[in-house]
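Trainee: Residue numbers (the working numbering), protein chains in the order written: chain A, 1 to 295; chain B, 296 to 595; chain C, 596 to 859.
Keep in mind the hints are simulated off the structure, nothing from the lab. Computed from a prediction, not measured in an experiment: that's the story for all the values here. Wrong hints could be hidden among the right ones.
[Stated by the list, open to error] Computed from the model, here is a short list of chain A residues facing chain B with C-beta under 7 Å:
{"no.": "1", "residue": "L82"}
{"no.": "2", "residue": "V89"}
{"no.": "3", "residue": "T96"}
{"no.": "4", "residue": "T104"}
{"no.": "5", "residue": "L108"}
{"no.": "6", "residue": "V112"}
{"no.": "7", "residue": "Y120"}
{"no.": "8", "residue": "F216"}
{"no.": "9", "residue": "T223"}
{"no.": "10", "residue": "G271"}
All C-beta atoms in this analysis are idealised placements derived from N, C-alpha and C, irrespective of residue type, glycine included.
What follows is the residue order along each chain.
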Amino acid sequence: MAYTIFAASSMVVYIALGTLLHLQFGRTGMVNFGVVGFVGIGMYGFGILVSRYELPVVVALVLATLITTLLAAILGWLILDLDGEAVLVATLAFATIVYYLTVTQKDLTGGVAGLGGIPYPIDVGLDSALALLVILIFVALLFLGYAHRLGRVPYGRLLASIKDNEPLARSLGKSTFREKLIFFSITSGMMGLVGALYASTNQFLVPRMLAAGLTFTVWIALTLGGRAKVLGAVVGVLISVALFDLVIEPFLPVPRWVGALMPDLQLMFYGLILVTVILFRPLGLLGGRQKAQRS
Amino acid sequence: MIDAIVIGLIESAPIILAAVGFTLIYYLSGFINIAYAETLTVGAYVAVVFNTMLGWSFYASLFPVALLSGLFSVLTYLLVFRPAINRGVGPVEMIVLGVGLSFLLRHAVRVGFGVESYQIDLAGTSYLSVLGTGITSSQIVSLALVAMVAVGLYLLIYRTNQGGRIRALASNEPLALVSGIDPRKVAVLVWFLAGIVGGLAGAFTASFSFVDYEVGWDMILILIMIAIIGGIGSVRGAIIAGLAVGLVTAVVTLQTGSPIYAQVALLALFILTLRLKKTLPLKKILRLNLSGRSILKWGS
Amino acid sequence: MESTPSTRPAPRASLVLTDVVKSFGGRTVADIPHLKLGRYGVEGLIGPNGAGKTTVTKLITGAHSLDRGTISYHGPSGVIDLSQLPSHRIARAGVVKSNQVIQDFETLTIRDSLLLAAARPRDERFWYLGRSRTSAELVNDIDGYLEYFRFENPDRHALSAGEKKLLDIIRCLLVKPKFLLLDEPTAGLPQWETDQVKELVRQLGAEGEISILIIEHDLELMWSVCDYVHFMADGKLLLQGTPDEVRSDPTVIEKYLGGGHVEG
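Isolated chain A (complex conformation):
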């Protein structure tokens, strides 16, 4: 049971992150390959604030989110008027730096030995993990609801115009850089919030959690499900994460030697699915066969 709650929590975390990435990339066209960097700042920020500085949980959550938002704003200010590839690489490099920081700043983060003693946000004894799952689901639903509503309001149209044709949007008087900066900072800050909650889920943090794998997993999920669709992250995560963690592994009997190779086979399968989906359904499983439009 505990494992199922943990697996479900992880899934919800990925759905939340995928939805935020959908907002950043699918709706606004910002290519953020540093997702794990923002998650990491929130995660370790929260961990450090509660275990080393012993701040109350809610205060630490808010502070961790604010710190992430601020750092995202600085990074965004430096790079968001550059080409898409530059944003991709800079965000990726940023995440790498965050990862290195968790390893090297041992006094603060515990380095590779890890950081423990992370409490649950709501301490109700044995049901704390479940309570956290409920919070996570609530947060994910919030993001999904926002993404859904965005399609019908002026701000959503503004973001779409930035994604489709930024110079044209500017020629109509839209402050595209400022809007990208604000939206990027806030959504990346939300990634920090999710990271903080994820810290509670894991209870014990190690730098390895901040390796680039998490960013790519989120991107892969979003690509599989369809980056422009609100439910893209949901579908993508369900397929890529749930398929293995909840269905195949516990229930499919495999010989022992295959079992040891499972993680690698899973990732190989993952890669294969991704290649196949992009070749045959580039808009994701929700996106249909239509080619992405090019002008």
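Given the coordinates of chain A, work out where chains B and C should sit on it, guided by the hints.
Mentor: Relative to the frame of chain A, chains B and C by itself:
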């Protein structure tokens, strides 16, 4: 300081080589090929297999390295990337495609070879002192080889007819097609060359330090940065940027004792270079708007 | 025989170009010591291909940067130096240009595209998830334009090049510019649409609130709609005058109307 520069030169040699190959693909096919990381890994492992398992000398093993890496690269192009391009897959999806392919291949290597680290056995190596720094004779030979390959590639691209066709296709596709250049043959050639160069880079990396199944993956971020700093498609630019990056990394790491400052310095250099380029455009850059549209195709 | 420009009251907004020079790769594409635009209701800018007409308009809206010189905008809130402003500020100040090459927002429907142009900055905030509070007047404008150009079912995406061209113009109008630059607005449009655009421009010119500069190769349209015409060739401003004056000038005939004119 001098030793930092010397070490920087030596360590950046394979990276420069890889950056050149990576840039070639970007130049002609127009996308960031993340799976190029696996070409490096293939080169490293082929060298390891021939050297430590079949007993060949390192330099002899460079021949199968070049050949097999080149073929591997062409295969990825023919089986995965060309179909993707033909289907109109957008630039960002191409990157994700490369990530997927990289996952597939990397973990296949891990299944086959495990997580152990390997290194080339360089028999008959002597130790020398150059400018007060201790380096090995094999490092010098490798450096010389890398320089030769880089120069050879440069000459090929800028001084031969075949190179002229590559450049023509990369800078003005419609015109090149009308002049009778066969794009598929040129593409296969470019991917083959890039594969050779990448494989050699991987092999040289294996000769300098331990490598494991992630050797290419670890390098890909730096390669992308170099390619973009160097001007997205200029072989010259890639070489210069590669040298700069290698030197900066080595100097900063040695002076501060920790790789993190080198990472920060690299990112700062990256952002700085791009911001300067934005305000003083030095040459036409291939600009792909990553939300799916090509603004300027082929930099005309 | 002297024909005078029509005696409509001069619109408020005007643009003054001083010592403007722009080169691309060593070639000077625009060299204009002095040009004042907007004294008359509807002005035209004509010239052969490559004369620098579009370049001048792009210099005005900030799409290209000036090598030398200044462009100042004399609008209702005073004089603004456009050469210092980023492109979106220029549009906000009231100087808006339609596009020569078709530009569109692929994922927005026709109606959404127009709502975007008409949207108030107050509504475009990430926290505001309510309905758009665009003024009733602008909403009427949107419906009016949709009807005027006979857009059936505006809840679909624009399909034809002609639709996209018209949308481009309508969006510019919804931003309520003081100075409107139309870059080949009827190029590629079928006859009925061209006539509608012509009529619309005439109407706007008559209302006297917007200054309009049109670039066109359709000379019939120009002579009939413009109060004043500027002629450019080889990056330089060669002649200015009323339509009658310009069309009968020997230099214009030689460089443009006579042999060298290709497009229709």
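Trainee: Does each hint hold? Answer for all of them.
Mentor: We went through each hint and held it up to the structure:
{"no.": "1", "hint": "L82", "verdict": "holds (5 Å)"}
{"no.": "2", "hint": "V89", "verdict": "holds (5 Å)"}
{"no.": "3", "hint": "T96", "verdict": "holds (6 Å)"}
{"no.": "4", "hint": "T104", "verdict": "holds (5 Å)"}
{"no.": "5", "hint": "L108", "verdict": "violated (13 Å)"}
{"no.": "6", "hint": "V112", "verdict": "violated (14 Å)"}
{"no.": "7", "hint": "Y120", "verdict": "violated (32 Å)"}
{"no.": "8", "hint": "F216", "verdict": "holds (5 Å)"}
{"no.": "9", "hint": "T223", "verdict": "holds (5 Å)"}
{"no.": "10", "hint": "G271", "verdict": "holds (3 Å)"}
Violation of the numbered hints given earlier is confined to hints 5, 6, 7; the remaining hints are satisfied by the structure.
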